[in-house]
Each structure stands twice: as C-alpha cells, then as structure tokens.
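Chain A is already provided as a structure; the job is to place chain B on it using the hints.
Line by line, the protein sequences give chains A and B.
Heads up: the first sequence begins at 1 in the UniProt record's numbering, then just goes up one per residue.
Heads up: the second sequence begins at 1 in the UniProt record's numbering, then just goes up one per residue.
Heads up, a few of these hints could be off.
[As the list claims (entries may be wrong)] A short, non-exhaustive set of chain A residues, derived as facing chain B with CB atoms under 8 Å:
| # | residue |
| --- | --- |
| 1 | Leu169 |
| 2 | Ala181 |
| 3 | Asp189 |
[What the hints assert, rightly or not] Using C-beta positions, here's what the derived DEER-type ranges look like:
| # | chain 1 | residue 1 | chain 2 | residue 2 | range |
| --- | --- | --- | --- | --- | --- |
| 4 | B | Glu288 | A | Glu288 | 51 to 59 Å |
| 5 | B | Asp305 | A | Gly124 | 27 to 35 Å |
| 6 | B | Gly306 | A | Pro310 | 33 to 41 Å |
| 7 | B | Glu216 | A | Val300 | 26 to 34 Å |
| 8 | B | Asp405 | A | His446 | 48 to 56 Å |
| 9 | B | Glu457 | A | Ser431 | 25 to 33 Å |
| 10 | A | Ser431 | B | Phe455 | 18 to 26 Å |
| 11 | A | Ala35 | B | Ser12 | 55 to 63 Å |
[As the list claims (entries may be wrong)] Here are some of the chain B residues that sit facing chain A, going by a computed Cβ distance under 10 Å:
| # | residue |
| --- | --- |
| 12 | Val153 |
| 13 | Asp192 |
| 14 | Glu198 |
Keep in mind the hints are simulated off the structure, nothing from the lab.
This structure is a prediction, so every number in the text was calculated from the model and none was measured.
Where is the CB? At the ideal position from N, CA and C, for every residue including glycine.
2 protein chains.
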Amino acid sequence: MTDTSFLHSILSPEQVSTTDADRDYHGTDWGTAAAASPPDVVVWPESTAEVSAVLSAATERGIPVTPFAAGTGIEGNAVPAHGGISLDLTRMDAVLDVRPDDLQIDVEPGVIGADVDEAVAAHGLFFPPLPTSGDMATIGGMIATNASGKRTVKYGKVGDWVREIEVVLADGSVITAGTRARKTSSGYDLRDLIVGSEGTLGVVTRATLELAGRPERTRVGRATFGTLADATAAAADLVSSGVDVSAVELVDELSARMVNDYVGSEFPEGPTLFLEFQADHGLEREVEFCRAILDAHDPVAVLLDGETDPEEVWKPRHELADAVRAYYPDLESLHAGDVAVPIGSFSSIVAHVHAVADAHDVPIPTFGHAGDGNVHFDVLVDPDEEGAVAEAHEIYESIVTEAIDLGGTATGEHGIGQGKREFLPVEHGDSGVATMRAIKEALDPHGTLNPGKVFPE
Amino acid sequence: MTDTSFLHSILSPEQVSTTDADRDYHGTDWGTAAAASPPDVVVWPESTAEVSAVLSAATERGIPVTPFAAGTGIEGNAVPAHGGISLDLTRMDAVLDVRPDDLQIDVEPGVIGADVDEAVAAHGLFFPPLPTSGDMATIGGMIATNASGKRTVKYGKVGDWVREIEVVLADGSVITAGTRARKTSSGYDLRDLIVGSEGTLGVVTRATLELAGRPERTRVGRATFGTLADATAAAADLVSSGVDVSAVELVDELSARMVNDYVGSEFPEGPTLFLEFQADHGLEREVEFCRAILDAHDPVAVLLDGETDPEEVWKPRHELADAVRAYYPDLESLHAGDVAVPIGSFSSIVAHVHAVADAHDVPIPTFGHAGDGNVHFDVLVDPDEEGAVAEAHEIYESIVTEAIDLGGTATGEHGIGQGKREFLPVEHGDSGVATMRAIKEALDPHGTLNPGKVFPE
Numbered sequence: 001m002t003d004t005s006f007l008h009s010i011l012s013p014e015q016v017s018t019t020d021a022d023r024d025y026h027g028t029d030w031g032t033a034a035a036a037s038p039p040d041v042v043v044w045p046e047s048t049a050e051v052s053a054v055l056s057a058a059t060e061r062g063i064p065v066t067p068f069a070a071g072t073g074i075e076g077n078a079v080p081a082h083g084g085i086s087l088d089l090t091r092m093d094a095v096l097d098v099r100p101d102d103l104q105i106d107v108e109p110g111v112i113g114a115d116v117d118e119a120v121a122a123h124g125l126f127f128p129p130l131p132t133s134g135d136m137a138t139i140g141g142m143i144a145t146n147a148s149g150k151r152t153v154k155y156g157k158v159g160d161w162v163r164e165i166e167v168v169l170a171d172g173s174v175i176t177a178g179t180r181a182r183k184t185s186s187g188y189d190l191r192d193l194i195v196g197s198e199g200t201l202g203v204v205t206r207a208t209l210e211l212a213g214r215p216e217r218t219r220v221g222r223a224t225f226g227t228l229a230d231a232t233a234a235a236a237d238l239v240s241s242g243v244d245v246s247a248v249e250l251v252d253e254l255s256a257r258m259v260n261d262y263v264g265s266e267f268p269e270g271p272t273l274f275l276e277f278q279a280d281h282g283l284e285r286e287v288e289f290c291r292a293i294l295d296a297h298d299p300v301a302v303l304l305d306g307e308t309d310p311e312e313v314w315k316p317r318h319e320l321a322d323a324v325r326a327y328y329p330d331l332e333s334l335h336a337g338d339v340a341v342p343i344g345s346f347s348s349i350v351a352h353v354h355a356v357a358d359a360h361d362v363p364i365p366t367f368g369h370a371g372d373g374n375v376h377f378d379v380l381v382d383p384d385e386e387g388a389v390a391e392a393h394e395i396y397e398s399i400v401t402e403a404i405d406l407g408g409t410a411t412g413e414h415g416i417g418q419g420k421r422e423f424l425p426v427e428h429g430d431s432g433v434a435t436m437r438a439i440k441e442a443l444d445p446h447g448t449l450n451p452g453k454v455f456p457e
Numbered sequence: 001m002t003d004t005s006f007l008h009s010i011l012s013p014e015q016v017s018t019t020d021a022d023r024d025y026h027g028t029d030w031g032t033a034a035a036a037s038p039p040d041v042v043v044w045p046e047s048t049a050e051v052s053a054v055l056s057a058a059t060e061r062g063i064p065v066t067p068f069a070a071g072t073g074i075e076g077n078a079v080p081a082h083g084g085i086s087l088d089l090t091r092m093d094a095v096l097d098v099r100p101d102d103l104q105i106d107v108e109p110g111v112i113g114a115d116v117d118e119a120v121a122a123h124g125l126f127f128p129p130l131p132t133s134g135d136m137a138t139i140g141g142m143i144a145t146n147a148s149g150k151r152t153v154k155y156g157k158v159g160d161w162v163r164e165i166e167v168v169l170a171d172g173s174v175i176t177a178g179t180r181a182r183k184t185s186s187g188y189d190l191r192d193l194i195v196g197s198e199g200t201l202g203v204v205t206r207a208t209l210e211l212a213g214r215p216e217r218t219r220v221g222r223a224t225f226g227t228l229a230d231a232t233a234a235a236a237d238l239v240s241s242g243v244d245v246s247a248v249e250l251v252d253e254l255s256a257r258m259v260n261d262y263v264g265s266e267f268p269e270g271p272t273l274f275l276e277f278q279a280d281h282g283l284e285r286e287v288e289f290c291r292a293i294l295d296a297h298d299p300v301a302v303l304l305d306g307e308t309d310p311e312e313v314w315k316p317r318h319e320l321a322d323a324v325r326a327y328y329p330d331l332e333s334l335h336a337g338d339v340a341v342p343i344g345s346f347s348s349i350v351a352h353v354h355a356v357a358d359a360h361d362v363p364i365p366t367f368g369h370a371g372d373g374n375v376h377f378d379v380l381v382d383p384d385e386e387g388a389v390a391e392a393h394e395i396y397e398s399i400v401t402e403a404i405d406l407g408g409t410a411t412g413e414h415g416i417g418q419g420k421r422e423f424l425p426v427e428h429g430d431s432g433v434a435t436m437r438a439i440k441e442a443l444d445p446h447g448t449l450n451p452g453k454v455f456p457e
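Looking at chain A on its own, in the form it has when it is part of the complex:
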C-alpha cells in the first residue's frame, strides 16, 4: 500500500479516508468498461490551493492522482486504474458568481449540472448543453469528457459553453485557460485542450460558463415509423434541412418494446423519433416544417399537437435506461457504447448496428442523440456463456470501426476512458496518438494524472 500519510499535512482528517467503503465507491463507475480498482486513499479538497498541494506532493512522490466527481461515467474514466489517490471534487460545489449582463456564471467543479440551471433561472437564463445525467453529473465531470445532451443538436456541446477555466497542473501550478470574452485569438487554446482530456492533463478547479436566454415556449413530439431506415432518414433530413429543433432522439423498436414491458404501457412499438422545439416565437412554423419532413418518410404515428402532457410524450425515451436493465435479467450490457458520425451517415451506422445484431443473433437496443449523428447501444450477452464475452467484443469493435470508417468518432460524448483505448490509434492514426502523447508528456512528465486512461498501454 502506498504511503499517503503526507496528505494529513495538507488536509484535515475529515478530508482523507482509507476506509473500504470510500475506496470501493471511488473504485467503480456506472459502466462495465473498467474492472473495479479502488484507490489507496480518497481525498476531498475544498480549495484550489489544496488541489495544488495534493498534486505537487503526489507528483514528487510518483503517486497517481485520479480526479473523481459524481461517478456517472461509463468508460472507467474516473476509476483509478493504477491505485493511488482518488481526488474527489464534490465538496468544491459553490456557485461563485452569476453575471446576467455577461450571460455567465462562475462555478466550482463539484456543482451539479441541474444546480447551474437553478442558479440562473431567476435571470431567465439556462445552461443549454446539460447531459441526460445533468441532475447527478457535475460540471467538472462534464468538462472532463466534453459531455453533451439532447439539446446539443441545437446548442452544441458542454465545451462550447465553457469560457474560462482555472486548471491545476500535475506539478501544482495553476493556470487560467480561455477568457471571459466571447472570442479570442490570443495564444494557444489551452481551454479546449483541457476540455475532454479526462483529467489526464490537469484538474479544473473553477469554470466560467456561458448561458443562454431561456426560451419562452417549448413543444415536444414524437413520430413512429414503419422501418428503422425511415426513422433515421427522417432524423438526418430534419438536421440537414435546418429545422430549428432542440432535440431529435432515436429509440429503436427493441428499445420501445423494452419500455412497454417495463412500464406496462402501450406506446407504438416501432422505431421512434422524440422531438423538442424551443423558441420565443414562430414555434408553430417550425413544427409544421418538421411535420412535412416527417410525413415524407411515411410515419405510422405522429404526436406533435402540443396538447399531450410533455412527460407522457417523451416517457419511452426517459424510461429507456432502466427498461433495458430490466428486460433481459440474465444478460449484461458488456459494451454500452456511444459513437458519432456525420449526419449524412446516420442511417448507415444505425443500419450497421442492427445488421451486426442480426448476424450474431445478439439483442442490441439502439438509441441516442440522432440529431448529432450520435448512436448509443448496449451489446447484451450472458457473460457466463462460452465465447460470449469475445463475441460481444467482436460486435463492439465492428460498430466502432464502422463509425470511424464513416468519418466519425469512437465516442461522441463519453470519452475514451479505459473502454475505448484500443480505438484511439484507429481513429487518430499513429502520428495523431504520438502528438497527443507528446502533449501529455509536456504537461505531465511524471504521469501523475489519471494514468491508464485515453492512451493504449
């Protein structure tokens, strides 16, 4: 066991724990990509100075530090693969300043996404790119994976709404990356380098986020199609036609059936798009524009009236995660993946997922942020069955490499973590990975920060 007694000279007793319960909790995440790997010790810093002191002392001693927040990642991003220190940032959860005139808020990294919305609602503002897990995930975690959500199709990713961040580097030095101005051409863009780097280059200790005016009106809808190809083609057409839609989510037939089974409902059991529109005015025109595009793809059921309870309209989408877990109690989602492709290739990647599922006779519920060309899927197998684990991996590899071949990416929003390391060179080539490694070595020469992530070992 690593000697971590030096931490007691930096932090107070209630900020350091080596109990099994704390170590176990910080040794896993929500996914299956990483084996459980508890840290030697968990610390809860409460200031930038404390984060800096921990990092510089750990780097001096060659002890790994893995930042941890809500633990909602699924690729093992925050699982301390090499032990050492789990740096839990959830006690740094202050809203520091709200500046409605600048359309900005300053927060500490442990602030929950939904709490940002709550802090700015009184000013008529909101934080648009919140992920589905936004009522649990922290801003720091969202920045670490460059997360996104259902409204990314209209508003962009978390990274697009980060203006300035304070970052502690591995040697304990503190930098401010980005600017509070709406644009800059000053020096290298360290902000976007840190965003999405999964805690391997630095630890974000403060963030200035941009906000948007809360739209006065919201309308939701859904459309079910006779074939999956119709549904995905309709989603792609909506995006390339420029309809002002704030969410376009896909749920495939298997997923829809799982929800009905789980909820005891009778939603249409076909491939379905879930839609949301947000605007101050002109909503009806966008909805009618949308309806015309949907109609061109022979929908079997369209609900766009604006009368039905919005929660009821979207319920199949909202219940999906739990429904998948309940439907096949003996099967496990060994690869809960997320890939993204250019929108013109969205139909191809979804069709590929289903073709692979059919070829292997393995259920793969398929859903996701269709408007971003972003597909989520669960490869469900019985891990105790002979060959099942290898087959699940073969399927997973086929889907991810197909997405890359279509000009897309191995991960649209979950990050590489441990689960997707093998695909980094497939997507970025050896020279691209070598460039990333050179940056890692330049910023963290001793490899203190979150080792065992992003790069293949």
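Here is chain B on its own, set in the frame of chain A:
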C-alpha cells in the same frame, strides 16, 4: 543567405522563387506591427506531400518556415521574422468536396473565404463566420488566427465551424485532427489547439468546414445615439437580452465624421450601431424587439424600415477602413488594435479608449464587432514627431491591459503575431505561457515553424 537549393529536389522550378519582388511581397502584411522581413526564398507547394517534404527537409537543416496565404493579417503573423522559407499555400486552392447532406465542405487551405460561399450557395448553404476580409483572406489564414466576422455574434468564430483538419507537423508527419462527426470526446482536441496557433504548431493542408442553411430573409438597420455610452449600452443590452441579431457593429462619432468626409455623404455624425437580422421567418418580431431596446437608450436616428437599400444603410461601416486612411494623411495608425471583453464590460472598454484618446489628445477612431465585445481602434500619430511613437505605444498598452483587466483578451480575432507578444504573459500569466511553450517544444522541438511569433522573445 541560407542555402535553400535542396528545395529544387522537392519542387519544380516554378514553385520556388528568390526574386526580390516575391521575397518583398512575402515580407510584409497589411499591418504596422511587424517590420518588413523578407524570406530567403518563397515556395508554392501544391500538395500535402510537398508541404511535408519541405517541412521535414527544413527542420533537418534548421531553416525557419513561415506559412503565408493572402497576407491580410495585421499583427505580422505571416511575416518571416527570422527569414528562411515563406510557405505560400495559395496554390492549394481546390474545393475538394461538397456534401450538402452532412452540411460540410472539404477545401484546401488556399481557398478564398468568399469562394466557399459561392461553392455551396446552390445547395442553399453558407459559411457563417467569414471575416470582413473574406473576399481576400484564405480559409487557411482564417484557421491560423481563429478569425471571426460581423456574424460571429450569432454564429460564432471560424474555429467553431472547422470540423476536421489535415495538419503537417514540423517533422513532416501528417495528422488528421478533429472528426467529421458533429461532436466527439475522443482523445485530446488537437483541432482546436491548431486553430489559432498562427502556423507555429503545424500547417493546415485540408479542412472540413461545417455549413449552415442560408436564411431566407435578411434585414439591415442602423441607430445613431446622442452619446457613446448610449450606443455601447444598447449594444450590450441587445446581446444580453437574446435578440436574434446577426450583426451588431459600432462606429464612433469620429469614425462617422471620417466617412462623411471621405464619401462626401451626410450620414448622422454620432456613435452608431449597424445591425443585421437573418431568419427564415419571424424577422419582424426580432426587429421590433430590437427597436424597443434601442429606444430605451434615446437614439437620435433609427433606420430599421427594411425599405432603404441595404448597401446604403451600412455604407458608413463599409467605407470606414479607407476613410480612416484618408482623413489624416499625415498621421499613421501605429497600433491598429483589436481587443475583446465580456459583453457586460463593452461600455467600459470603449469609454476607456476614448478617455485615453482625450487624455493624450490623440485621435483614435473606435469601431468593431460590438456584439462580441470586440473593439477595433487606430492610434493615429505622426511618427516623425518627437515622442509620438512612445506615446502611441503607451496608449496601446493602456487599452490592451484594460481589456485584460476587464476579464477579456488581448486580441479577439487578429492573433498575437509579433505585435501583441508582450501581452501574452499579461493575459495568460507565466504558468500559462510556460504551458504554451511546453506544447510548442513538444510539437516543434527544433523551432522550425514561424519563429518569432506568439511568444515574447
């Protein structure tokens, strides 16, 4: 003179020149920030392979390489401060592919901005962030400085519309940074690191750009105010209120007078906002929303009727650059600067520019992309007058440091180049600059690419 004969084994004779005319043309830009500094030789590569061969051979020999395109920069960004090779990319000017379904276009770096618009117009698309110089500047140059333009207030910067770039590094290796998918969390964001790095980290040889649907309707307008404070407050209010406006440009009283003098016109001679609205529908509502905000700041003249010839409405803004040059024939704009601040501080920075102008009794026409909190100014002095050069620099320093103190940036869109190197540590701190230097050394250890830029020497 550096021996550059090796270039003839890589390129054909018409791709290499050492004539005085070619060297002189590549030794300056549009600004006054950099002294003329001709390269030893100019080369015009026509392929990625040729760029790669030139870079690897130059790095082996320790010869500087400075990428050059349209030469429209103003901070000396593309002036070869240390001689060597000027790498002119203007012959790599092919539109490679237009994919309307993906809302994307692939281009070589030498393509002129306006030619992108022309290539996609038939598909009802356009490239939103074009700078004012978009009919001369190249895509490669825009990427190098992370340029922006009048519509950035609505659509964002050039970098926001770059999806994937092919980049040749100093050692000649070629990477693809970014992805054609609309979002990614895969590895480090090399794309945004290269964007805005002014050719000091790599040379962009291909870019996939995102496009937007061309709005069906455009309306322009302008509003003149009794005081500068009213004009800047109105601009800030427009942005923080969320009016859907596609351009908010400021021209101050001195600038307006210069235009009248130059054109022989009788435009209102007060601080004026120039406005543009773009939408498929609902334009009138946004215009009326805008009018209400303008009215709250006591405008003396508002032209928003949509009847007047658009070119006539915006003429004072369009003629401004030439008018400034003509108004004081004996004075020179020693510091044509560009700073940006959070929108809530826009009034403060503009007031500061005028206060400094008054205190020094130096004319400083002030204008710019108000909606982005981006101010442009010319410090006009007679360089032959004793002390004038030092005074101009003192004024310049006061304005740039004030912008940084207000939470802003030393440059919103022109880059650091040579002219703003002294402000890099002021804005980013010593640790920030050290981090940037570490990245520079990791990617270009021999310092081949565009030496003498960005970093203070």
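How the hints compare with the structure:
1. Leu169: holds (7 Å)
2. Ala181: holds (4 Å)
3. Asp189: holds (5 Å)
4. Glu288/B with Glu288/A: 51 to 59 Å: About 23 Å separates the Cβ atoms of Glu288/B and Glu288/A, which means 51 to 59 Å is violated.
5. Asp305/B with Gly124/A: 27 to 35 Å: Roughly 30 Å apart at Cβ, these two residues keep to the hinted range, so it holds.
6. Gly306/B with Pro310/A: 33 to 41 Å: holds (37 Å)
7. Glu216/B with Val300/A: 26 to 34 Å: Roughly 32 Å apart at Cβ, these two residues keep to the hinted range, so it holds.
8. Asp405/B with His446/A: 48 to 56 Å: Given range 48 to 56 Å: violated, Cβ gap about 35 Å.
9. Glu457/B with Ser431/A: 25 to 33 Å: holds (30 Å)
10. Ser431/A with Phe455/B: 18 to 26 Å: Holds - the Cβ-Cβ distance for Ser431/A and Phe455/B, about 25 Å, lies within 18 to 26 Å.
11. Ala35/A with Ser12/B: 55 to 63 Å: Taking Cβ atoms as reference, Ala35/A and Ser12/B lie about 58 Å apart, which means the hint holds.
12. Val153: Holds. Min distance 8 Å.
13. Asp192: Asp192/B check passes; min Cβ-Cβ to chain A is 4 Å, inside 10 Å.
14. Glu198: Cβ of Glu198/B sits 8 Å from chain A, so the hint holds.
In summary, the structure is inconsistent with hints 4 and 8 from the numbered list given earlier, while agreeing with the others.
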